[in-house]
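Put together the whole structure using the sequences plus the hints.
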Amino acid sequence: MRRTLAPGRLVIASHNPGKIREIAALLGPYGVEPVSAGELDVPEPEETGTSFVANAELKARFSADLTGLPALADDSGLCVDALDGDPGIFSARWAGPDKDFAVAMQRVQDAMARRAPEAGRDAHFVCALSLCWPDGHIVTVEGRVEGHLVWPPRGERGFGYDPMFQPWGHQLSFGEMDPEAKHAMSHRADAFAKLVAAIF
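Residue numbers for the sequence shown follow my numbering, beginning at 930 and rising by one.
If you are wondering where the hints come from, they were derived from the structure by calculation, not from laboratory data. Treat the hints loosely; a few may be bogus.
Here are the in silico distance ranges between beta carbons for each label pair [to be verified]: (1) Asp1064 / Gln1035: 43 to 51 Å; (2) Gly1084 / Glu975: 29 to 37 Å; (3) Asp1029 / Glu1109: 23 to 31 Å.
Where is the CB? At the ideal position from N, CA and C, for every residue including glycine.
Quick look at the structure:
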């Protein structure tokens, strides 16, 4: 059954400042007051799912249960064709305990050089967005953006793997793009458009 999201507080079930900024910007026009899980002292649950969708739903349910508020969770990552889809759902873990994405990007580059130097550099970002109400009702969508990897990484904007990802048809990496330009085409924007169609 279709359910709309009423204006008011919405937990962003993330501790990633970059994700929180992007999601808050996307939510701006809809009368929602985003508050991060960190601001509410909601810890990060262990991500035990085997897909982006499963992990997004797990995180959304966890925050909705603990806060009694609707919660929106994102699970996203970089999938590299030559690495059989890795790092995929483990994208953040490739950055290590310090969440150092310079380390993560180097790991991707090294893995590609070892395993498939001739296999091409096609990749895509995936984003699953899951909105859970306190009563357990849940809506989940998935978006993606296709592109290829560049090396060395380029740009100081964005976050995560953005500096090494260049979307098809564009000359700039996500790390070089103006945030509004990235929002217009990113995996998160694609998923968000589907979510908006479902709940607003």
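Against the structure, the hints:
Evaluation of the 43 to 51 Å hint for Asp1064 and Gln1035 yields a pass: the beta carbon distance comes to about 44 Å. The supplied range of 29 to 37 Å is met by Gly1084 and Glu975, whose beta-carbon atoms lie about 32 Å from each other. A hinted range of 23 to 31 Å for the beta carbons of Asp1029 and Glu1109 is consistent with their spacing of about 27 Å.
The structure shown violates none of the earlier numbered hints.
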